[in-house]
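K.L.:
Produce the entire structure from the sequences given, and follow the hints as far as they go.
Residues in the sequence shown are numbered from 1 upward in steps of one, following the numbering used here.
Hints in this document: simulated from the structure, not taken from any laboratory. Hints are not guaranteed to be accurate.
Unchecked claim - Result set (DSS-like, lysine-lysine): computed pairs, CA atoms no more than 27 Å apart in a straight line: (1) Lys116 x Lys30; (2) Lys147 x Lys124; (3) Lys147 x Lys30; (4) Lys83 x Lys100; (5) Lys49 x Lys100; (6) Lys124 x Lys30; (7) Lys49 x Lys147; (8) Lys147 x Lys83; (9) Lys83 x Lys96; (10) Lys116 x Lys83; (11) Lys124 x Lys49; (12) Lys124 x Lys100; (13) Lys116 x Lys96; (14) Lys49 x Lys30; (15) Lys196 x Lys96.
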Amino acid sequence: MIEKVPTQAAAIRQSLVAQISTGSLAASAKLPSERDLSELFSTTRITVKQALLRLEAEGCIYRENRRGWFVTPSRLEYNPITKSHFHLMVERQQRKVVTKVISASTELASPELCQKMALAPGSKLHRIRRLRYVDNRAVMFVAHYLKPGIFPGILERDLSQSLTLIYQEHYGIQYGRSSFDIYPTAAYGSVASHLKLAEGSPLLLITRINYDQTGQVIDCDREFWRHDAVRISVDSQILVTDIARL
Numbered sequence: 001m002i003e004k005v006p007t008q009a010a011a012i013r014q015s016l017v018a019q020i021s022t023g024s025l026a027a028s029a030k031l032p033s034e035r036d037l038s039e040l041f042s043t044t045r046i047t048v049k050q051a052l053l054r055l056e057a058e059g060c061i062y063r064e065n066r067r068g069w070f071v072t073p074s075r076l077e078y079n080p081i082t083k084s085h086f087h088l089m090v091e092r093q094q095r096k097v098v099t100k101v102i103s104a105s106t107e108l109a110s111p112e113l114c115q116k117m118a119l120a121p122g123s124k125l126h127r128i129r130r131l132r133y134v135d136n137r138a139v140m141f142v143a144h145y146l147k148p149g150i151f152p153g154i155l156e157r158d159l160s161q162s163l164t165l166i167y168q169e170h171y172g173i174q175y176g177r178s179s180f181d182i183y184p185t186a187a188y189g190s191v192a193s194h195l196k197l198a199e200g201s202p203l204l205l206i207t208r209i210n211y212d213q214t215g216q217v218i219d220c221d222r223e224f225w226r227h228d229a230v231r232i233s234v235d236s237q238i239l240v241t242d243i244a245r246l
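P.N.:
Have a look at this one:
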């Protein structure tokens with residue numbers, strides 16, 4: 001059997017993976033420029049770019065507009081079944097978390113949201129847009145859509161805090177069940193800009209409809225994650241236990 005000789009792009013990828021695996025290139029470290037890499041491997045920038053794009057698709061490295069390529073930090077473990085809020089989830093994994101409020105306003109709900117949230121056509125929703133950082137890296141852009149009648153005055157509160165805690169402390173509302181849609185998408189417009197991504201870069205979109213303890217729909221979250229920043233982990237035993245309690 002003839003052994004297949006790896007292409008030059010594959011060899012570059014293997015070399016960079018080895019350096020990342022051994023710690024020679026640490027998490028969040030900046031890679032040499034594409035020009036420097038092409039000189040280092042005695043090849044063209046096109047070949048180097050092929051290797052880098054494959055590593056990006058695999059989640060090993062990421063790029064930021066006008067800044068270059070960086071080694072991807074370890075992914076967050078995200079279990080949608082658990083009820084812990086974002087800040088608590090990140091802190092339990094011994095990571096630093098910050099939430100920045102982008103905007104907060106009241107607007108007409110789209111026909112799609114009216115259907116998802118069982119609203120009459122022409123209804124209004126509070127929209128809160130936030131950017132979430134883990135270890136000083138923007139990893140998720142989220143738009144929250146809240147029913148104004150359930151959360152009067154919430155737009156005047158400190159929305160950099162956990163909405164879960166604000167719901168509990170000021171409105172007596174706790175999350176009950178949630179329904180999820182999870183699928184890949186691409187970054188465009190303000191989402192790409194805030195996450196420092198090139199237009200068309202891959203994202204993971206998680207849309208969640210949340211219900212309160214009485215079963216009433218209270219809000220909808222649309223989370224745009226950098227595809228290399230999160231790992232969705234679900235334990236089927238938790239699902240079996242929850243079903244048994246019904």
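K.L.:
Hints numbered earlier in the text: which of these fail when held up against the supplied structure?
P.N.:
1, 3, 5, 6, 7, 11, 13
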